[in-house]
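A.B. asks: The residues making up each chain are set out below.
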Amino acid sequence: MLEIKNLHVKLEEEDKEILKGVDLTIEAGKVHAIMGPNGSGKSTLSYVLSGRDGYEVTEGSATLEGEELLELEPEERAALGMFLAFQYPVEIPGVGNMTFLRTAVNAQRKARGEEELSAAEFLKVVRAKAKTLKIDAEMLKRPVNVGFSGGEKKRNEILQMAMLEPKMCILDETDSGLDVDAMKLVSEGVNALRDAGRGFLVITHYQRLLDHIKPDVVHIMADGRIVKSGGPELALEVEHNGYADILAEVA
Amino acid sequence: MALAQVKQNATEARLDSMTLPEGGCLKAARAAALSRVQTMGLPTRRDEYWKYTRPDTLVQPGAPKASLFKTDESMMFSGVSRLKIVFVDGVFDPEQSDDLEMEGVRIDRLEDICCKDIHWAKDVYGVLEARGQTPVERPLAALNTAFAEDGVAIHVFGKPSKPISLIYQHSDENSDAMLHNVVRVETGAEATILENGPAASRFNKCMEMDIADGGVLHHVRAQGRDHERRAATYMFARLGKESVYKSFTLTVNGVLTRNEQVVELTGDDAVAHVAGACVGDGDFHHDDTVFITHDAVNCESRQVFKKVLRNGATGVFQGKILVKEGAQKTDGYQISQSLLLDDDSQFLAKPELEIYADDVACSHGSTSGAIDETALYYLRSRGVPVDEATALLTLAFLAEAVEEIEDDGLAEGIVSRLEGWLARRR
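Listed in order, the protein sequences are those of chains A and B. Okay, so the first sequence: first residue is 759 according to my numbering, each after it adds one. Okay, so the second sequence: first residue is 762 according to my numbering, each after it adds one.
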């Protein structure tokens, strides 16, 4: 599904290398988790894959189902099936949530040569999916993320994911700012989307999210590289002992 | 004090090129207006309120040529049930206009108000304009009072079922039009006035609106987008107790537009909202000059102006709230914002507050900025192409001004016109 090879990235503005040779392969149907200390490059990896400005790829490649991603515009990557659930979802005053969702869904359908959804069809689908995430009609009407609580913003991210049905989902610290109930709701939303054709990359600091979204593979990232990979037990190790032992071991 | 020589010469040149209409019952009003023009002189670049907008093409004798804009897009408000009053290059066209009869309102042509002995109109014509000359001079409005030959007198005494729609068509590349409309809204009466169209190559329009206690007047205007047209428009409103005046203007292109709004809140608990959205490209120059005077207790005023500028377009906002002594409990709000789509465009804002009462709440703000890059990335990451995402964010920026229109149908018409403009520029 997603194949990242020897990815080196630096900030455009300053001569500072953030990713120093990331290798990562995520198979369809699998959930991979990335953990790691602050500043290790986790969020940068998610931004670079989704096409945010301000980063320069100096070496390496990233492909989604064989298509090179790094040369593409963000919207082209999205149409191919890439999705990033933001750590800090962006507020957009003046744009209704519903308008935003419909514009996004239809733009992707159009880019893939599929027919656009009519307003009625769209409404039916969005209402059903919103209900399972406990997103009410009021939240759908309000401007995108404006005045939403932390939990509402993250639920709204998952709703977008559910509507867009991407192939590759990256969740960047989706658990940050969530209470226990909200985390459960969000995790259920994510789990409902797990299927054989879809890959997940879950970036998190904490094991607790991985109790709800059970990963197949856990990676530890440090200083711009993946330094260790293993099964779910690796996350438990981090939870108990912190990163120090692992980092010492690979140093 | 004698006028500066440059001003004197420009004023004389313009006045020499024009003929004062016979006037009838308006003769005295016209003569007084002419003498105001002669005293003030027509504007030059050196005048305080013309610092950001060059008045020379509005002042010079004869209109600069403006070619006609051909489009398949339907006329603004064409889907709205309304009473149509059509002017072509500033001349009333009975063929295209509806019958002027409607319940709750009486509409007459300006030239008829003398023979039909319409007293209220004589008490408004030139009167509100003259009041609006202090403390800031508006000589082009006085010029209009003196020389405008056509226009309508709208007397609202009930609640007419349809909006009164003034349509200004442009058919001659050299047309130089002046229109003067007077409106009186009686106690408890309510009406909506629509205006649209490019009007002429050069258009000078004056509208005086006297709103009695408890009267309500809605005004929604779409200024035509013939690229080379020029316009100076003046809206003078006087509000009585508990009356309401809500005005919204959409401007889409046009090489030069100066829209002045002069509002006087003279009765307690009156409400005035003036708003505007404009989108401009290239040599577009758009100027909103607003002056709101609070001269009564517990009145509310709102100014909401948004401008989207690209390819070197210029936007100007000069907005003032004057709170007179004794106008306690005033609630005044003013916001002017521009969205600059490139580095070549500019927005010049001059917000002013002058307050002589001690128990008031007045706020003002002005911003200038580019498209929010983070929001743009967010939209694109969801698959929305960059042009479409930019258009969506641009409409979102303008939304606060468009939301000032109370009627949803009219607001939707404005939004779809803006969408058209954005779509053509992708």
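Hints were generated in silico from the structure; no laboratory data involved. This structure is a prediction, so every number in the text was calculated from the model and none was measured. Among the hints, erroneous ones may be present.
[Claimed, not checked] Incomplete in silico selection of chain B near chain A, CB under 8 Å:
(1) Gly1126
(2) Thr1128
(3) Ala1131
(4) Ala1136
(5) Tyr1138
(6) Tyr1139
(7) Arg1143
(8) Gly1144
(9) Val1145
(10) Glu1149
(11) Thr1151
(12) Phe1158
(13) Ala1184
(14) Arg1185
All C-beta atoms, glycine included, are put in the ideal place defined by N, C-alpha and C.
A.B. asks: Please check whether arginine 1185 (chain B) passes as an interface residue: C-beta within 8 Å of a C-beta belonging to chain A.
C.D. replies: 19 Å, violated
A.B. asks: For the hint on valine 1145 (chain B), does the least C-beta distance to chain A fall short of 8 Å?
C.D. replies: 5 Å, holds
A.B. asks: So, alanine 1184 (chain B) near chain A? Judge it on the closest CB pair being under 8 Å.
C.D. replies: 14 Å, violated
A.B. asks: Does arginine 1143 (chain B) meet its interface restraint, that is, does its C-beta lie within less than 8 Å of any C-beta in chain A?
C.D. replies: Holds - the Cβ of arginine 1143 (chain B) comes within 8 Å of chain A, reaching about 4 Å at its closest.
A.B. asks: Just to be careful: measuring from the Cβ of glycine 1126 (chain B) to every Cβ in chain A, is the smallest value less than 8 Å?
C.D. replies: 15 Å, violated
A.B. asks: Holds or violated: the hint that threonine 1128 (chain B) contacts chain A, with Cβ atoms closer than 8 Å.
C.D. replies: Hint on threonine 1128 (chain B): violated, closest Cβ of chain A at ~13 Å, above 8 Å.
A.B. asks: Is the hint on alanine 1136 (chain B) kept, meaning its closest Cβ partner in chain A is under 8 Å away?
C.D. replies: Holds: closest Cβ of chain A sits about 5 Å from alanine 1136 (chain B), inside 8 Å.
A.B. asks: Quick check on the hint: tyrosine 1139 (chain B) CB to chain A CB, less than 8 Å?
C.D. replies: 4 Å, holds
A.B. asks: Quick check on the hint: alanine 1131 (chain B) CB to chain A CB, less than 8 Å?
C.D. replies: Cβ of alanine 1131 (chain B) sits 13 Å from chain A, so the hint is violated.
A.B. asks: Could you check if tyrosine 1138 (chain B) really has its C-beta closer than 8 Å to a C-beta on chain A?
C.D. replies: 6 Å, holds
A.B. asks: Tell me if the interface restraint on glycine 1144 (chain B) is satisfied: Cβ within less than 8 Å of some Cβ in chain A.
C.D. replies: This hint holds: glycine 1144 (chain B) lies near chain A, its Cβ roughly 4 Å from the closest one there, short of 8 Å.
A.B. asks: Quick check on glutamate 1149 (chain B) please, does its C-beta sit within 8 Å of some C-beta on chain A?
C.D. replies: Holds, because the Cβ-Cβ distance from glutamate 1149 (chain B) to chain A comes to roughly 6 Å (cut-off 8 Å).
Checked against the numbered hints given earlier, the structure breaks hints 1, 2, 3, 11, 13 and 14 and satisfies all the rest.
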